[in-house]
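2 protein chains.
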Amino acid sequence: MTFAALADPTRRAILAKLVTGECSVTELAAPFEMSLPAVSKHLRVLERAGLIARGREAQWRPCRIEAGPLKDVASWAEGYRALWERRFDRLETYLQQLKKERKHGRKQPRGK
Amino acid sequence: MTFAALADPTRRAILAKLVTGECSVTELAAPFEMSLPAVSKHLRVLERAGLIARGREAQWRPCRIEAGPLKDVASWAEGYRALWERRFDRLETYLQQLKKERKHGRKQPRGK
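In order, the protein sequences belong to chains P and B. Numbering-wise, the working numbering comes out as the position in the first sequence, counting from 1, plus 142. Numbering-wise, the working numbering comes out as the position in the second sequence, counting from 1, plus 142.
According to the in silico footprint, chain P covers these stretches of chain B (three or more CB under 8 Å from chain P):
| id | stretch |
| --- | --- |
| 1 | 145-153 |
| 2 | 201-215 |
Calculated lysine-lysine pairs in the DSS-like style (CA-CA distance at most 30 Å, straight line):
| id | chain 1 | residue 1 | chain 2 | residue 2 |
| --- | --- | --- | --- | --- |
| 3 | P | 159 | B | 213 |
| 4 | P | 213 | B | 241 |
| 5 | B | 213 | B | 183 |
| 6 | B | 213 | P | 241 |
| 7 | P | 242 | B | 213 |
| 8 | B | 159 | P | 213 |
| 9 | B | 213 | P | 213 |
| 10 | P | 213 | B | 242 |
Derived by calculation from the structure, the hints in this document are not laboratory data. The beta-carbon is built from N, C-alpha and C at its ideal position, and this holds for glycine as well.
Make the full structure from the sequences, and use the hints.
Set out below in structure tokens:
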């Protein structure tokens with residue numbers, strides 16, 4: 143549910159805006175040049191995924207970002223850290239090897 | 143594209159399996175009790191998102207997990223770390239406050 147909600151770039155942009163503080167639907171709609179119903183639809187998806195919570199005030203209903211699911215996404219992706227570090231190390235070793243070979247390759251013609 | 147590909151639990155399970163090493167489609171299909179075409183469809187989504195790469199061997203076409211997009215997801219979610227740490231700190235302060243009040247509330251009736 144979290145990943146599906148995050149799949150839309152507008153919804154990720156809404157979260158990026160909400161990290162600065164609570165916003166009304168009108169405030170959220172402004173930078174995206176979207177209609178209020180279109181923004182409301184995105185907010186419903188975010189709310190269902192637990193990524194935002196909405197206030198009870200009938201008139202304003204401010205949106206608030208929720209940290210939990212974002213922390214879960216970070217933990218999930220961090221589970222693959224060993225993978226990308228291993229790949230990076232292998233690349234690093236390969237580049238060092240190339241560098242050494244180039245240095246060696248250059249010195250020999252000059253020396254002899 | 144990455145988030146949409148990750149939205150399906152089967153595709154996340156496929157990645158979890160691939161982190162242990164390259165696999166053929168048949169090897170991937172076995173634990174999920176899925177048909178080969180169904181697995182192939184998931185693999186195409188993962189491949190389009192750059193989350194896996196497939197070998198060129200016509201017969202075997204082994205699947206390999208790609209680290210890049212997973213690292214990007216981790217970096218993206220880590221961008222919200224300040225948010226959940228702030229929320230956690232606030233909760234911690236609140237709990238400490240409650241504890242202090244409880245301790246204080248208990249001692250007074252006993253003392254006087």
